[in-house]
Amino acid sequence: MKYIDSSLVEKRMNKRILKNNLSKILFLLATLFGLVVLVILIMRVLIEGLKWVNFDFLTGKLSTNAEQAGIMGAILGSLWLMLVVIVCTMIIGVGAAIYLELYAKKGKLNSLIQTNIANLAGVPSIVYGILGMTLFVRALDLGNIVLAGGLTLSLLVLPIVIVAAQEALRSVPNSLSEASYGMGATKWQTIKRIILPAALPGILTGAILALSRAIGETAPLVVIGIPALIIPFPGSIFDKFTTLPMQIYYWTLDSSLVAEYANLAAATIIVLLILLFMLNATAIFIRNKYQQRF
Amino acid sequence: MDHNVNQESINVQELIQQKSMSQKVSHKIGKMIPSILFLFAAVSILTTVGIIYTLLSEAIEFFKIVPIWEFFSSTTLKPLSQNPEFGILPLINGTIISSIIAILVAGPVGLMAAVYLSEYASDRVRRLLKPTLEVLAGIPTVVYGFFAFTFVTPIIRSVWPDVEATNILSPGIVMGIMIIPMIASLSEDALTSVPNTIREGALSLGATKLETTFKVVIPAALSGVIASFVLAISRAIGETMIVTIASGSSKNFTFDITESMQTMTAYIVEVSSGDAAAGTPIYYSIYAVAIALFVMTFVMNLLARAISRRFREEY
Amino acid sequence: MTQTIAKKNESVKHLPRLTTVSNDRLSKQKVVYQVEGFNLWYDETHALKDIELSVYDREITAIIGPSGCGKSTFLKSLNRMVELIPSVKTSGDISYQGNRILDKHFKVEQLRTKVGMVFQKPNPFPKSIYENIAYGPKIHGIKNKKILNQIVERSLRDAYLWDEVKDRLNENAYGLSGGQQQRLCIARALAIEPEVILMDEPTSALDPVSTSKIEELIQELKSKYSIVIVTHNMQQAARISDRTAFFLNGEIIEFDLTESLFSNPSDQRTEDYITGRFG
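Chains as they are written, first to last, in our numbering: chain A, 108 to 401; chain W, 50 to 364; chain E, 2 to 280.
Just so you know, the hints here were simulated from the structure itself, not pulled from any lab data.
Accuracy of the hints is not assured; some may be wrong.
[To be verified] Pair by pair, the computed Cβ-Cβ distance ranges are:
| id | chain 1 | residue 1 | chain 2 | residue 2 | range |
| --- | --- | --- | --- | --- | --- |
| 1 | A | Asn172 | W | Met81 | 55 to 61 Å |
| 2 | A | Asn172 | W | Pro133 | 34 to 40 Å |
| 3 | A | Glu274 | W | Pro244 | 24 to 30 Å |
| 4 | W | Thr241 | E | Ser264 | 56 to 62 Å |
| 5 | A | Thr222 | E | Gln98 | 32 to 38 Å |
| 6 | A | Lys213 | E | Asp94 | 28 to 34 Å |
Beta carbons: idealized from backbone N, C-alpha and C, even for Gly.
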């Protein structure tokens, strides 16, 4: 006696195969969904904003009058902010990574710091904003200047830089440091002259990606209290400032009052996305050109 | 030849000996390096301590004015009225509802994308599609906010006129789009780490790819998939700009997704960008809200890690 | 050289005192390394047991044995590179030129300045050929460009690499072939004029042509340097070395003049190994 009725199995088979093929299409569509949204989003921004991106807009001062508004101040603010973030995260992040990867004994303290870094990466950015406001703006009394914003964003992206730098340091083969020790080099000489240079492309790639995360952040800066309208251009890290995302935020909010603000927001988004694109292209370029295959 | 004579005259070891004094100084400096680097590593610990300390110390001030029990049980939030009332429940409600909408969008789409990438796509297609998803993850949230407010909301309202100009539905959906890459890539990692022998077992019995995926591969990778969902929800809970821009600032305790609702993050933005003077209850209230936010995301992250650790032990 | 080989019954087993070596030429050799009762543990694993061995000036000492017998570990103990593995513990005594190098206060950097090392796989730095050679002198504070130029040229000449690379000193060392890379690594070790060169299976990753070039080079270097070479190629040990130590399971089974060890091993296990019965 047969338990399996093969004619029934056969009858069902076609249905099963059809289901399989249909679902394959469905899954592909789901994967393409993100791409489609991305295209719509960019199209939308271009349609709304491209006409507004011109020389006057890029070099002009902020203004409540939509026709006269320019974003030079926000561009400069974002650039100054980048400077603070890249300096802080490169020094602290790479330093911490070197310590954790090359000096720290594998023990409780080390794993505590590692877990802590993983946890920090999951803390919402707005909480960093509150820390920055309390610590840098109020307690240290810096006010809402570039430095305060930059330090806040540095703390925010520090975990990303540390993790990326650790990975880059780990990828430098032991044989290189052995060769260096074998010549009588000290540990620090070996790190400075052999390990760091070899890991640098990886470190830079990670740092630039972290930078592009920082440069798109808005929430921490809102909490720090970056005002909506700053007329003078920031000339140093001790000046008050605004950034591209901040302007996008304020113009979007007020677009229900003044319709043209939506266009200004879109135009600013174009500038921000170009900036981000350049950063990412640089990271990819460094990775492909200088990454050493050991 | 004269060249060679010159060469013989160099004695490297002697030269090294001569330099050894100046080398000693630089070696001494080198000995201090680990301590300096340790300070850098300690910055991460100090950040955590700083976050917890600032949140707690200011929140304690708040709870001196508003009883902690009232704060966590009241559904009325009127920080700006003459007789301010501080109940966090409307904010938690807004946060949870927006996150649920987000995960309803991102869960199925992200998981299907993960299945496609890990089970169906050829190497070439995968290499083409994955970076696109990463681009989606790299778009600043304020841009998504703009997108939700000026594009998605008008579309929703054109088909569903009841929806208000600021509502929780539109930012919820856009937030979902934002976290699709996260779910897709983390779930894909989980799916790809399922050993091929398991797939072969099912396929050799005549199962279709679809059946293999849903009856064998996904169950085997389930904890990794769930962990990716939990992480994505945690991300949605902490997301600020999309909801701040597109969901308005209504503090009503409601379940109607067509209405404006405020999330915890949006409340912090509203209060801190206003003129709340230091020392007033409303100023302190953002710390109390921030603690709730911090704890919620922290617990979700720990949970995700615990779940995915279990998953690693399975094979 | 082949005329000066000890006769079989004069074989020197287990740490020959200078006086016990009857051979004329060899007995005059100065001892560079003296290893006495040296033990090494990885965690609980007793990897080297009661090692007794001497390394003589301007000789090639070969260390042979099956893989995992501890020969590389021993070599790396000679310049304390073995300490890069955190769980290592040692006891006993190794003295170099009369200095006890296992002392806590002994400066390893100083030792490694006098004792160069060449590794199993060529490991040039991802820098230019020039910078690879100049690295050693530079870390020891020699910055004079003229002197560095001369050191680089001389080291490359000594490693028989000069003619092949003199026109591309500023190119990345990774562009060289495997054999060239290994000679570059030897040149790099020569640049600080060490007294001893430790070689850890330097030809195991190379093709036969490159191998024979390196072997020739090692023979040449003997006139200036003492060389300790780990190899699992017995023919190589027989071809190039003056003395050979046979390691098995972390012990020295036999240490003798190469000729006697290969022609008349005094231990059955040595004989089994060199006749290919195991390993």
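Right, here's what the structure says about each hint:
Distance hint check for asparagine 172 of chain A and methionine 81 of chain W: the Cβ-Cβ separation is about 57 Å, which falls inside the suggested range of 55 to 61 Å. The hinted window of 34 to 40 Å between asparagine 172 of chain A and proline 133 of chain W holds, with their beta carbons roughly 37 Å apart. Separation of glutamate 274 of chain A from proline 244 of chain W is about 25 Å and conforms to the stated range, judged on CB atoms against 24 to 30 Å. A hinted range of 56 to 62 Å holds for the C-beta pair threonine 241 of chain W and serine 264 of chain E, which are about 59 Å apart.
At roughly 48 Å, the beta carbons of threonine 222 of chain A and glutamine 98 of chain E sit outside the given window of 32 to 38 Å. Our hint of 28 to 34 Å for lysine 213 of chain A and aspartate 94 of chain E holds, since their Cβ atoms are close to 30 Å apart.
The structure fails hint 5 only (numbered hints given earlier).
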